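Please model the complete structure; the sequences and the hints are all you need to start from.
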Amino acid sequence: MLIRQCGDVDLAEECAQDAFAAAVERWPSDGVPPSPAGWLITTARNRAIDRLRRESTRDARQRAAALLDPGLPEEVGIVTDDRLRLIFTCCHPALAPAARVALTLRLLGGLTTPEIARAFLVSEATMAARITRAKKKISAARIPYRVPREADLPDRLRGVLAVIYLVFNEGYTALDRSELGAEAVRLGRLLVELMPDEPEARGLLALMLLAEARRPARTDAGGSLVRIGEQDRSAWDAELVAEGHALVRQCLRRGQPGPYQVQAAIAAVHSDGPSPDWTQIKQLYDQLLTMTPTPVVALNRAVAVAEVSGPASALELVNGLALDGYYLFHAVRADLLRRLGRPSEALDAYASALTLTSNPAEQEFLRGRIHQCAREAKPMA
Amino acid sequence: MAQYLLSVYQPTGGEPPAPEALNVIMVNLGKLQQEMKDAGAWVFSGGLEAPETATVLQATGSLRPDGTLSSDEVLLTDGPFIEAKEYLGGFTIIEADDLDEALRWGRRTAATIGLPIEVRPFFRVES
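Those protein sequences? They're chains H and C, same order as listed. The opening residue of the first sequence carries number 1 in this note's numbering; numbering runs sequentially from there. The opening residue of the second sequence carries number 1001 in this note's numbering; numbering runs sequentially from there.
Where hints are given, some of them may not hold.
[As the list claims (entries may be wrong)] Here are the computed lysine-lysine pairs in the BS3-like style, where the Cα-Cα straight-line distance is at most 30 Å:
1) C:Lys-1085 x H:Lys-136
2) C:Lys-1085 x H:Lys-137
3) H:Lys-137 x C:Lys-1037
What the hints contain is simulated information worked out from the structure, not anything from laboratory work. Since this is a predicted model, take the numbers as computed values, not measurements.
Here it is in structure tokens:
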């Protein structure tokens, strides 16, 4: 709302921060006001008016100050709607994908620029430049601060979901960045709350919760990655699993499946009962492959095929995929070769995988497998 | 309202479409422009002659701190300022509430003529 009134992302952001700082100072002594959100909005708006007046050396600034109407009603409902607007503004397709992620984390997640830079392994200066550039484009090109029209919504919602999932994956792959995972889950919850009729938003949240639930079991004491089949299920977060399952059931009742819902359903089957129903998982991957026919999905499907029809038929599927630069392609191939009793070929494939990942837990896992294959590949004396 | 420049980028030396196809494109473009006019979005548009027809004028003086140039001599050269694989083939200036509206006109222009369209806001002068 401040952005709409100020017409300036930076100013609105600074004033909102001022208001939060004032709240931290005053609420402990004065008590929390009856409408905390309304208090924050009013305070932030008053700060914006002050600042604009103070800086109103130019006519334009004075007019902008006049536009801020202090008489607007303080409704908590508006706040909710404004966060939705902000999500869509941050994820506007006219912004570069990397900038969309950064801006979402900055303006919605409240992460600082150094935090975002660290999370994405770029320098602070690079990230600051990226965010500044995005903000400048929002203001100069007049990227509208609103939820897109009905007709544009499906396309734009896809972009928003992709950004949130990207944030999640960034935190999931890099095991030491759990704050990104938590932030993505928070944004996912927010989106479901704001768009309760969008089954894909619900599907994404379910997918993230079910993955997040397994986090405690994903590495062993030595820091090596533990694959889902070998994880200690009692270490999974039962509450998150239950919540994820409930969301998947809600999606199923809707009967409007989309890629996130199907992936969530797969994750749900994985955590349902003592061991997963691979036939059902394979069927879900069949469905996912028709929706998103990418080689990565085909690779994941092949893993399920291996469980249902054996490693030989899976290897045939995997060998035909153009994923040479993808570490999981080599890791999956290696696993299938190992299971087919071809340790020396498996060893080569594990070695290829090892060159393609910089994640310590994955590297540790691959090294373990390489040692194992090396022992098996030794000719019998 | 803000003004946006919709630039059409054309490949250098590319084969132009056959006359009949070009005719269809021009008719459709005319219709789109009429729609822009009816919507009150259209400001100006025009196609440009080939880049070889351009002439560049360049002041030779350097900029002094007071904002004047050290020399008022102007050099004249034949051809476009930038030699590139794609060049500006034409443009439309529109008025729109925001980028989304400008992008809607830009998208329709791209779909009508099949060439890349760059949408760029004009610098806003507060009056």
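Evaluated hints:
no., hint, in the structure
1, C:Lys-1085 x H:Lys-136, "29 Å, holds"
2, C:Lys-1085 x H:Lys-137, "27 Å, holds"
3, H:Lys-137 x C:Lys-1037, "27 Å, holds"
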